[in-house]
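Those protein sequences? They're chains A and B, same order as listed. Numbering of the first sequence is given in the numbering used here, commencing with residue 45 and proceeding in unit increments. Numbering of the second sequence is given in the numbering used here, commencing with residue 170 and proceeding in unit increments.
There may be inaccurate statements among the hints.
[To be verified] Derived list of chain A stretches under chain B, where covered just means 3 residues or more per stretch with a C-beta under 8 Å from a C-beta of chain B:
#1 48 to 61
#2 97 to 105
#3 144 to 158
[What the hints assert, rightly or not] Now the in silico label distances, taken between C-beta atoms and shown as ranges:
#4 W349(B) / G78(A): 30 to 40 Å
#5 H185(B) / D156(A): 30 to 40 Å
#6 P288(B) / K161(A): 30 to 40 Å
#7 W68(A) / F213(B): 33 to 43 Å
#8 G78(A) / A187(B): 52 to 62 Å
Read the hints as simulated data drawn from the structure, not as lab findings. Since we're looking at a predicted model, the values are computed, not measured. We treat Cβ as the ideally placed atom computed from N, Cα and C, and that holds for glycine.
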Amino acid sequence: MRLSWLNNRFTITFGVIFVLVAIWNVYIGFHDHGLIEGRVIGPNGAPVAGATVTLFEQTLLVNQERGKTTTDAEGRFKFTGHHMHRPYLEAEKEGVGQFGPHQYPLYFQGEDLILKKPIELAPRTS
Amino acid sequence: MARWLRPRRRSHWPVHLALALISALMLIPFYWVLKTSLTGENIFAYPPSLLPHDPNPFYFVDVWYAIPFLRYLINSVVVSVLVVVANVFLNAMAGYALTRDFPGKAATIMLFLSCMMIPFQVTIIPAYLITAKLHLLNSYFGMALPLMSTIICIFIFKAAFEAIPHSLVEAARIDGVPDWQIMFRLIMPLTKPAIATNVILSFIWSWNSFLWPLVVVRDVDMQTLPLGLSRFMSVVEDTTGALYAFCVMVLVPGLLIFLLAQKEFIKGLTSGATKG
């Protein structure tokens, strides 16, 4: 059986592209639950309970608020089911401070985003 | 032999250096497009920064989701495949016919050569009317139709076929092989560079075609990548990074095909230039 066509630069190039696309799609399939998770801390590093965290979407075509939540006793917050690739997060608590809006660009829509660095509220300057 | 009589081996490095510099100069626009697509830097910034600051792929992600890129890509691929297949098949047949003797051959060649001087824009109205009569407006076939045979490519095949020893064709004919088999089973396998040249040229012409698809396509879902780029520019303003990312996404397939087939392409362009 002649398989010389396999050892051809066209076959190899497009084959590699096809494999990479397939791997990427499998990766997306396992990481597109639309989860955004994080923690909010105050200027002193302590968790802030009851802070309001707002989720915005800003793309080339859209600029809209997509959700709002408050942090729990440990300063944790969670959004589920988003379909964005350019989410913005804003957080604030009266008397503690404010953060953002800060952009978290994603590689694909609905990518799970677990913030490694907590959101740190800073006192308002104005 | 005296040393001064010996043929001196010429050093090639000045030529290579000059070629490398010219190549680098020609690659600057591509580099600039790629750099801007990764950074979104203002292209009019002065002094310009040569190295990208904080490169990221997110403008590509923006483009992917801002427009139906996959749809445009599929449309471009379908039209280009139709054009490439038709070009190789039809141009090979026309090129083979021009290697044979028949009454009016010189006049036919003159007609072809003179037709090359007429720009496509001049014939766009009759082309549109013919496409409309054939009920091919707003279809893949209609978009591919005017590019399905190109005169330059016919002459590339003709030159390649003429470089094949005539005795080979005659031997096949004496053995009773019909003409279509002579062409597709004997001559075509010997003219791979010409086929590669046809594939590359027709693919690039079809891929970059803007005016004809703009005229025949009415449905947004039937638009090709160049039309999508134009629509993107008209809908979304102030998007330097995304615009350049889109340009890169349109350019890459053509560049890839060219780089993969460049050896055969150059052979194909030079075959027939020298004989013997």
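Taking the hints in turn, this is what the structure says about them:
Given a C-beta distance limit of less than 8 Å, the hint that chain B covers the region 48 to 61 of chain A holds, as 3 residues qualify and 3 suffice. A stretch counts as covered by a chain when three or more of its residues have a beta carbon under 8 Å from one of that chain; for the region 97 to 105 of chain A and chain B the count is 3, and the coverage holds. Counting residues of the region 144 to 158 of chain A whose beta-carbon sits less than 8 Å from any beta-carbon of chain B gives 5, enough to reach three: the coverage restraint holds. Between W349(B) and G78(A), the C-beta spacing of about 58 Å breaks the proposed range 30 to 40 Å.
Between H185(B) and D156(A), the C-beta spacing of about 51 Å breaks the proposed range 30 to 40 Å. Between P288(B) and K161(A) the Cβ separation comes to about 59 Å, which falls outside the hinted range of 30 to 40 Å. A beta carbon spacing of about 35 Å between W68(A) and F213(B) agrees with the range 33 to 43 Å that was offered as a hint. Against the hinted window of 52 to 62 Å, the Cβ-Cβ separation of G78(A) and A187(B) comes to about 56 Å, which satisfies the hint.
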